[in-house]
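Participant: Could you put together the complete structure from these sequences and hints?
Chains as they are written, first to last, in my numbering: chain A, 152 to 467; chain B, 7 to 299.
Take these hints with a grain of salt, some might be off.
Heads up, simulated SDA-like pairs for lysine to any residue below, C-alpha to C-alpha not over 20 Å straight-line [said to hold, decoys possible]: (1) A:Lys-194 to A:Arg-205; (2) B:Lys-258 to A:Phe-296; (3) B:Lys-258 to B:Glu-131; (4) B:Lys-258 to A:Val-306; (5) A:Lys-385 to A:Gly-415; (6) B:Lys-185 to B:Trp-161; (7) A:Lys-161 to B:Trp-135; (8) B:Lys-258 to A:Lys-385; (9) B:Lys-258 to B:Gly-277; (10) B:Lys-258 to B:Leu-269; (11) B:Lys-258 to A:Arg-205; (12) B:Lys-258 to A:Glu-359; (13) B:Lys-258 to B:Glu-71; (14) A:Lys-385 to A:Pro-417; (15) A:Lys-161 to B:Leu-134; (16) B:Lys-258 to B:Pro-72; (17) A:Lys-161 to B:Gly-138; (18) B:Lys-258 to A:Gly-314; (19) B:Lys-258 to A:Lys-194; (20) B:Lys-185 to B:Glu-131; (21) B:Lys-258 to A:Gly-320; (22) A:Lys-161 to B:Phe-136; (23) A:Lys-385 to A:Glu-359.
Footprint (simulated), chain A over chain B, 3 or more residues, beta carbon under 8 Å [said to hold, decoys possible]: (24) 107-119; (25) 133-146; (26) 197-208.
Simulated from the structure, these hints should not be mistaken for laboratory data.
Just so you know, even glycine gets a beta-carbon here, dropped at the ideal spot from N, CA and C.
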Amino acid sequence: MPIAQYALRKLLAGIPLVIGVTLVSFALMVYFGPDRTYELLGKNPTEEQIAEVRSQLGYDRPFAERYAGFLREVVTFDFGYAATGEPVATLLARTVPVSLLLILPGFVLGHLVSLGLALLAAYWRGRVADRLIMALATVGMSVSFVIVMIGFQIVFGSSDWLGWFPVRGWSTDSVGEYLRYIAVPTLATMFVAIGYDTRFYRALVAEEMTRDHVRTARAYGIPEARIFTRNILKNCLIPVITRVMFSIPSVAVGGSLLIESYFGIPGVGRATYEAIITGDQPVLKAVVTLTAILFVLVVILNDILYRVVDPRVSLE
Amino acid sequence: MNATALPLPAPRRDSLGARAVRQFRRDRTGMVALAVVLGYLAAAAGVWFGWWATDWGALTGTKWEPASAAHWFGTNIIGQDIFARAIYSTSVAFEVGLVVALAATALGAALGAAAGYFAGSWLDEVLLWFMGVLEAIPFYLFVAAVAFALQDSPWAMQVGMIATFWIGTARLVRGEVMKLRGIEYVEAARAIGLPSPVIIARHVLPNTTHILLVQASIAFVGAIKTEVILSFLGIGIRDGVSWGLMIEESTKEVLAGFYNNFLAASLLMFGLVMAFNTFADALQDALDPRKVG
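Facilitator: Written out as structure tokens, the structure is:
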């Protein structure tokens, strides 16, 4: 089946998922969510004023009707205005690039370093180097991200210690400034990601190394390096792709929430965090919906990449 | 029994469980890790029985006292004993971890088994759809939304975690049950007319125990780590104290050069999570004969 046709069919199959996400988030965030009536009213409102605001907010209408309205906003991408008065679309256009700039270097480097360490560990399976790498990975996996963040901030940022990088904040005035500001968040992200990813990748490579076809290749006298790239690495690609792809939606929207709110970086994660704290529903609505759509797209892209990597996979 | 007639030792016929226990006991790292976890559990149990750390909320000293015989880890910004707070937080971590691990694993087992046993039916489709939906919602947003919907109940964080942590278990159990339901003994159970719920509960689910144990241990660690992040963000533990709240409190102190609060919570938490991760690894090695070490 041509890839375009396949993608279109998958896109249609993704509709129930997006509908489900909007239904759950509508029920949780809007229907059972915070009542904003009294926020919008002045002091000592009359009965009529209360009723008027409630009808403006749609609180007097039934569930189905309100959900239909919510869905209409989602379909037309008309998310309205954030509590600050800024259109949600403008807010996203302003914050999403910041988040991507912040998170991408650590995301890419983290996966590359993990894969490298995993290959080394698997290559020296059972030896000291393997044990050392795996012990370090377990340490990385066991430290809370919050602790790494604060610890790295003190060590690299505080003037009492190294004082190499800014303690917090954000700047893209020049490449140098940008690199200085992303250094500590990137190191923290990598430290934690490497713990999980190295273990995952090593398990994968180690299992692949015990396969019959690898033993056969070895028996034929094929050089070890070629076995490694042709027979082992290539067969590991599908789980690697899945892992990388499926971390994209959460990384792009929600994953930077903690870093951004702690380091004071004006990305979509901090905007989301502020929206959570203040109950700013238009922003939350937009973030949830866009993540769900991204999720569907990632699933489709993932399947297509499978096909590219492994010709046995059919797109039927 | 004619054991006396035959001098040969009877062949060892022990269950998979007994073999796993024997395997585990040979794993020295795993045993050490288990001992550390049990030490933490004892510390937590002491708090539940009211033996120690009862004065975690009391102002027993002055601001930022250094470590001393009276205050082993010093005191925090308002003069509370950091050691008592850190120990009390251990019990909070166990409460969160145990509740979430048990509930999420039970839910995952039940729904995963139902989906797997009736794979291809509408029930399976609906469950898969529901799992996909929950996975597609950003986690922190979901927990915050649950907190709103539950009107700031102190259980909001746990409910949010349980509602998402079961999915991984359910997917694994579903896959395993799909394999098991084609095996002869399950077919035989069906042939003699046992109702499906009985077959699932008595003949299928017990064979997924190895998955459930490992998943529960992963959920336990996951819940403790998530508690720290959520409490740090202000959407986790609401009253009382926890490692996450202590670390949140310490961010105001570390920049002033007072590290006791931060170190106490961080090190205690790291010790438990590290020991439990190591324990879970050893458990997995003991339970899964196919795993390549």
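Participant: Can you give the numbers of the hints that this structure goes against, from lowest to highest?
Facilitator: As far as the earlier hints go, 3, 5, 6, 8, 9, 11, 12, 14, 19, 24, 26 are violated by this structure, in ascending order.
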